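Engineer: Please model the complete structure; the sequences and the hints are all you need to start from.
Quick mapping for you: the protein sequence lines, in order, are chains G and V. Take the first sequence: its letter number 203 is residue 203 in full-length UniProt numbering, and every next letter is one higher. Take the second sequence: its letter number 229 is residue 229 in full-length UniProt numbering, and every next letter is one higher.
To be clear, the hints were calculated from the coordinates, so they are not data collected in a lab. Being a predicted model, the structure only gives us computed values, none of them experimental. The C-beta atom is built at its ideal place from N, Cα and C for all residues, glycine as well. There could be a bad hint or two in this list.
If you anchor each label on the Cβ, the simulated ranges turn out as follows [what the hints assert, rightly or not]:
(1) G/Met102 - V/Thr25: 15 to 25 angstroms
(2) G/Glu301 - V/Ser35: 55 to 65 angstroms
(3) G/Asp268 - V/Lys91: 30 to 40 angstroms
(4) G/Thr247 - V/Arg136: 37 to 47 angstroms
(5) V/Gln117 - G/His215: 32 to 42 angstroms
(6) G/Glu19 - V/Ser35: 48 to 58 angstroms
(7) G/Thr110 - V/Thr25: 20 to 30 angstroms
(8) G/Ser311 - V/Pro129: 52 to 62 angstroms
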Amino acid sequence: MAEALLVVEGLNTVLNTSEGTVRAVTDVSVEIGKGEIVGIVGESGCGKSMTVMSIMGLVPSPPGEVTGGRVMFDGTDLRTLSGAEMQKTRGRRIGMIFQDPMTFLNPVLTIESQISEMLRHHLNLTKAERRERVIDLLRRVRIPDPARVVASYPHQLSGGMRQRILIATAISCDPELIIADEPTTALDVTVQAQILELLKEIIHDMGSSLLLITHDLGVVAETCDRVYVMYAGKVVEEAPVDELFRTPKHPYTQGLLASILRADERRDELYALDGTVPNLVDVPVGCAFVDRCAKATAICETAGPGWTRNSDVSGVACWNYET
Amino acid sequence: MTTAPILSVESLTKTYRSGGLFSTTPPVQAVAGVSFDIAPGETLALVGESGCGKSTIGRVIMNLTDPTSGHVVFDGSDLATLDAKAALETKTHLQMIFQDPFGSLNPRKTVRQILSQPFRVAGISNWEPRVLDLLRVVGMTPPERFVNRMPHEFSGGQRQRIAIARAFALQPKLIVADECVSALDVSVRAQILKLMKRLQQETQVSYLFISHDLGVVRSMAHRVAVMYLGRLVEIGPVEQIFNAPAHPYTQALLSASPVPDPERERTKRRIILRGDIPSPSRPPSGCRFHTRCPIARPLCSEREPILEARSADHPVACHFSDLAKADAWT
Numbered sequence: 001m002a003e004a005l006l007v008v009e010g011l012n013t014v015l016n017t018s019e020g021t022v023r024a025v026t027d028v029s030v031e032i033g034k035g036e037i038v039g040i041v042g043e044s045g046c047g048k049s050m051t052v053m054s055i056m057g058l059v060p061s062p063p064g065e066v067t068g069g070r071v072m073f074d075g076t077d078l079r080t081l082s083g084a085e086m087q088k089t090r091g092r093r094i095g096m097i098f099q100d101p102m103t104f105l106n107p108v109l110t111i112e113s114q115i116s117e118m119l120r121h122h123l124n125l126t127k128a129e130r131r132e133r134v135i136d137l138l139r140r141v142r143i144p145d146p147a148r149v150v151a152s153y154p155h156q157l158s159g160g161m162r163q164r165i166l167i168a169t170a171i172s173c174d175p176e177l178i179i180a181d182e183p184t185t186a187l188d189v190t191v192q193a194q195i196l197e198l199l200k201e202i203i204h205d206m207g208s209s210l211l212l213i214t215h216d217l218g219v220v221a222e223t224c225d226r227v228y229v230m231y232a233g234k235v236v237e238e239a240p241v242d243e244l245f246r247t248p249k250h251p252y253t254q255g256l257l258a259s260i261l262r263a264d265e266r267r268d269e270l271y272a273l274d275g276t277v278p279n280l281v282d283v284p285v286g287c288a289f290v291d292r293c294a295k296a297t298a299i300c301e302t303a304g305p306g307w308t309r310n311s312d313v314s315g316v317a318c319w320n321y322e323t
Numbered sequence: 001m002t003t004a005p006i007l008s009v010e011s012l013t014k015t016y017r018s019g020g021l022f023s024t025t026p027p028v029q030a031v032a033g034v035s036f037d038i039a040p041g042e043t044l045a046l047v048g049e050s051g052c053g054k055s056t057i058g059r060v061i062m063n064l065t066d067p068t069s070g071h072v073v074f075d076g077s078d079l080a081t082l083d084a085k086a087a088l089e090t091k092t093h094l095q096m097i098f099q100d101p102f103g104s105l106n107p108r109k110t111v112r113q114i115l116s117q118p119f120r121v122a123g124i125s126n127w128e129p130r131v132l133d134l135l136r137v138v139g140m141t142p143p144e145r146f147v148n149r150m151p152h153e154f155s156g157g158q159r160q161r162i163a164i165a166r167a168f169a170l171q172p173k174l175i176v177a178d179e180c181v182s183a184l185d186v187s188v189r190a191q192i193l194k195l196m197k198r199l200q201q202e203t204q205v206s207y208l209f210i211s212h213d214l215g216v217v218r219s220m221a222h223r224v225a226v227m228y229l230g231r232l233v234e235i236g237p238v239e240q241i242f243n244a245p246a247h248p249y250t251q252a253l254l255s256a257s258p259v260p261d262p263e264r265e266r267t268k269r270r271i272i273l274r275g276d277i278p279s280p281s282r283p284p285s286g287c288r289f290h291t292r293c294p295i296a297r298p299l300c301s302e303r304e305p306i307l308e309a310r311s312a313d314h315p316v317a318c319h320f321s322d323l324a325k326a327d328a329w330t
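Structural biologist: Next up, the structure:
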């Protein structure tokens, strides 16, 4: 693995709700090297978005609370930073891209003022320099006719264009890390292909790293170098992308891959993982996947599996995984 | 097709006018002259991206909106010309499953009330055992545990099972399923699709399977119809559409669908289309796809191609489909 840029260790986040304490993120450790594209993949409620919010110091409190762990970014623990220091890091050194551009973009501001705001906040530039930079950014995200688009409002642009604006904003201060949470989920597939291609190119050109959060294993296969699979608030498997898809080790990863229907092969018999995700208020004492697992044995009921590291870059949390 | 189709859609057009009397906004032609048939026991997938008109077709078939022109013939009769009583009788065999199981089940009713409604409307009195049967059929056992509960007590997947149970209450012949698994997670999605396949084998129901997910379509459909901006651009047997797509849009769509296989993702030929989908209120002249088409020629902006048979069961609407590489995405 390349030199580490972000090292998350033993992250724990809970949500205090009227029904009890939801263990949204439990002992999550994630590492991203310089220049790497790393994916966190999992289904609804697995804790992937809460992990990102915890990293960025954006967990709404109450009801949320980060109860433990370290978030080492380029040698500094982000959790020890003050609110003001964290604000300087977000946007400047870590850029963010969200699923829905419309909730991120201010509907009454022009594209120029939205991106300029980021530049004004973080960089010491004159008005003319900012304007020039905004137009250059739009060019970098392949927006046709940038001089016209800077004066337009979000509603005048298509979904794909809006997502490009978000990318332009995220890269505006040349961040070392970009975190993208489901960046293409709301887009049509031909537009998704454009945006993923663009993201990969921009990351490589800037020499930055990308943390990509997604539920779509197809997007992971197309984009990522390494992957973490999450289930019920925990990382259950970590592997380089080829290894994960060729020889998945955790029974959940195996089940997930087997249940995906692919556009390049027809299946007459469908496979489905039975059962549902456990409630994170009453987390089972043993392995959270035990009820749905074909390989479960007695120990899985009584004790959570530890982390077995198979190499520098791969590991699995399962008592009975196949080597 | 040797047997009579269960559904025939003939030259269907649906235009939405927006704004008031003096509005200058051009009308939106959501569906433009679309025709297809569905045979008994067959699944026809209707695929395409946002704004291509696939959902509008589903709504017209379900009589949720009137067509601007054209006909929908279900089980031998044109629903628009039937009297109210005959229409009600016919429509019991035509059901729909929606994308959002949160919106399609009444939150104030119990599962018993939701599932008994079709029987009560049809005048069937001894419905209790049939309601319990339906729950068993969709895998919610023992049914007594679920029948008194309300929709909010269930997960998305369970709610979709209830919606399917309701659709199957009165021996449907055709079910319109509009993005019925799009809101579900991968593992739950597989459970629901498996259930739908099993029910089709048991009852010979036909599905109009509206979806943007080509992975799901390949394993669910017998035939596939591809739409772009209100027009049918290609229709044919599923393996022909996927192995030998003839329309450049179909090829681009397939090439853009990510498959869960990193090696393949690195080696496959990618067709990245230029630009976004144009607005359906101002469709491009000639072939509606010409503004984004990688093989467009001057003729394409002048004359609209008609849907022509390439082989007997695989018509394509493209002037130059001979030039489009069928293996482009493999």
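Engineer: So, for every hint listed, does it hold in this structure?
Structural biologist: These are the hints, each one checked on the structure:
1. Range check, G/Met102 to V/Thr25: about 21 angstroms between beta-carbon atoms, so the 15 to 25 angstroms window is met.
2. The hinted window of 55 to 65 angstroms between G/Glu301 and V/Ser35 holds, with their beta carbons roughly 58 angstroms apart.
3. Range check, G/Asp268 to V/Lys91: Cβ separation about 32 angstroms, and the 30 to 40 angstroms hint holds.
4. For the pair G/Thr247 and V/Arg136, the beta carbons lie near 39 angstroms from each other, so the given range of 37 to 47 angstroms is met.
5. At roughly 34 angstroms, the beta-carbon separation of V/Gln117 and G/His215 lies within the given 32 to 42 angstroms, and the hint holds.
6. In this structure, G/Glu19 and V/Ser35 meet the distance hint of 48 to 58 angstroms, their C-beta atoms being roughly 53 angstroms apart.
7. For G/Thr110 and V/Thr25, the Cβ-Cβ distance of about 24 angstroms falls inside the hinted range of 20 to 30 angstroms, so the restraint holds.
8. Take G/Ser311 and V/Pro129: their Cβ atoms lie about 58 angstroms apart, and the range 52 to 62 angstroms holds.
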